[in-house]
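Student: Sequence:
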Amino acid sequence: MQKIFISALVIMICLCNYSIAEKDDRYDLKSYEDTFGFKHSDPMQFLEFLRSKKNEKCPTYSIHGTHPGWVKESHIPELISVIDSDEQCANVCMTISSFRDCNKSTIGREATFLIEGFRKGKYPPALNSGRADLAKVEIENWWRDYSSKTEKKSWHVSPSINPRSSTIYPYVDWSVIESLHLGMSAENAAKLVHDLQYYHHPINAIVFSEYKGIKYEVALKLSKDKNVIVDISYKKIE
Numbered sequence: 210m211q212k213i214f215i216s217a218l219v220i221m222i223c224l225c226n227y228s229i230a231e232k233d234d235r236y237d238l239k240s241y242e243d244t245f246g247f248k249h250s251d252p253m254q255f256l257e258f259l260r261s262k263k264n265e266k267c268p269t270y271s272i273h274g275t276h277p278g279w280v281k282e283s284h285i286p287e288l289i290s291v292i293d294s295d296e297q298c299a300n301v302c303m304t305i306s307s308f309r310d311c312n313k314s315t316i317g318r319e320a321t322f323l324i325e326g327f328r329k330g331k332y333p334p335a336l337n338s339g340r341a342d343l344a345k346v347e348i349e350n351w352w353r354d355y356s357s358k359t360e361k362k363s364w365h366v367s368p369s370i371n372p373r374s375s376t377i378y379p380y381v382d383w384s385v386i387e388s389l390h391l392g393m394s395a396e397n398a399a400k401l402v403h404d405l406q407y408y409h410h411p412i413n414a415i416v417f418s419e420y421k422g423i424k425y426e427v428a429l430k431l432s433k434d435k436n437v438i439v440d441i442s443y444k445k446i447e
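If you read the sequence shown in the working numbering, its first letter stands for residue 210, the second for the next number, and so on.
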């Protein structure tokens with residue numbers, strides 16, 4: 210008799226849970242589908258997509274896996290322009306996350322999360338945008354520093370494309386480029402990059418590197434006596 214009572218109780222609990230889930234579309238499997246076309250869309254379009262989902266009962270969008278390199282450097286200026294936006298939208302989570310946040314996010318927060326995706330080299334950069342540690346001021350300072358470091362200066366002289374030139378320019382890791390700084394002696398710089406080639410363009414030495422899939426020609430402006438680095442310029446190689 211006791212066994213029959215326990216079995217009946219278990220059945221009733223299961224039916225009750227099923228009934229609740231059936232009435233609440235937050236538990237509908239369709240709401241977990243990753244339907245956004247990442248291959249043919251950009252981050253600003255994704256923000257618009259999240260905006261369209263802000264009134265759902267559980268405004269969160271689940272993403273399967275990650276998208277390496279999807280957020281590109283060219284997208285950052287537009288994203289930076291909206292990081293102060295308080296307009297509501299859905300938040301983002303990865304399908305592997307055990308936590309589903311049903312609180313609304315903002316366009317500004319999701320733009321910051323996208324920028325963090327560029328910095329980490331993949332999007333999403335974390336399991337949940339709502340729980341991610343995002344410092345807007347730090348992001349703004351990073352971009353100001355990053356963009357100033359990757360611009361071509363007016364004095365930048367590129368190597369000759371003359372096929373008779375026998376000059377070989379060093380190619381180094383980006384970590385080496387980050388170690389170079391204004392005021393560094395040419396001797397110490399040469400130790401880092403292996404050689405300072407400036408014979409065909411006396412105003413600056415040339416070094417090649419790559420950052421996040423983008424190739425750069427880096428020019429090191431030298432003092433008149435060629436003893437000190439006085440400026441650094443970055444030219445993207447298309």
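Bear in mind the hints are in silico, worked out from the structure with no lab data behind them.
Any given hint could turn out to be false.
Said to hold, decoys possible - Just the calculated beta-carbon pair ranges, DEER-fashion:
| # | residue 1 | residue 2 | range |
| --- | --- | --- | --- |
| 1 | Asp293 | Ser250 | 17 to 27 Å |
| 2 | Glu347 | Gly392 | 18 to 28 Å |
| 3 | Ser394 | Asp293 | 16 to 26 Å |
| 4 | Asp251 | Asp293 | 53 to 63 Å |
| 5 | Ser432 | Phe308 | 19 to 29 Å |
| 6 | Asn436 | Phe308 | 26 to 36 Å |
Stated by the list, open to error - Listed next, the in silico DSBU-like pairs over lysine-lysine satisfying Cα-Cα at most 30 Å (straight line):
| # | residue 1 | residue 2 |
| --- | --- | --- |
| 7 | Lys435 | Lys331 |
| 8 | Lys444 | Lys433 |
| 9 | Lys362 | Lys266 |
Computed from a predicted model, the values in this text were never measured in an experiment.
We put the CB at the ideal spot given by N, CA and C, even for glycine.
Student: Hint by hint, note whether the structure agrees.
Tutor: Checked hints:
1. Asp293 - Ser250: 17 to 27 Å: Between Asp293 and Ser250, where Cβ atoms are some 23 Å apart, the hint holds.
2. Glu347 - Gly392: 18 to 28 Å: holds, 26 Å
3. Ser394 - Asp293: 16 to 26 Å: Violated: the Cβ-Cβ distance is about 42 Å, outside 16 to 26 Å.
4. Asp251 - Asp293: 53 to 63 Å: violated, 20 Å
5. Ser432 - Phe308: 19 to 29 Å: For Ser432 and Phe308 the Cβ distance comes to about 56 Å; the hint is violated.
6. Asn436 - Phe308: 26 to 36 Å: violated, 57 Å
7. Lys435 - Lys331: violated, 41 Å
8. Lys444 - Lys433: holds, 22 Å
9. Lys362 - Lys266: Judged against 30 Å, a Cα distance of about 51 Å means the pair is violated.
Of the numbered hints listed earlier, those contradicted by the structure are 3, 4, 5, 6, 7 and 9.
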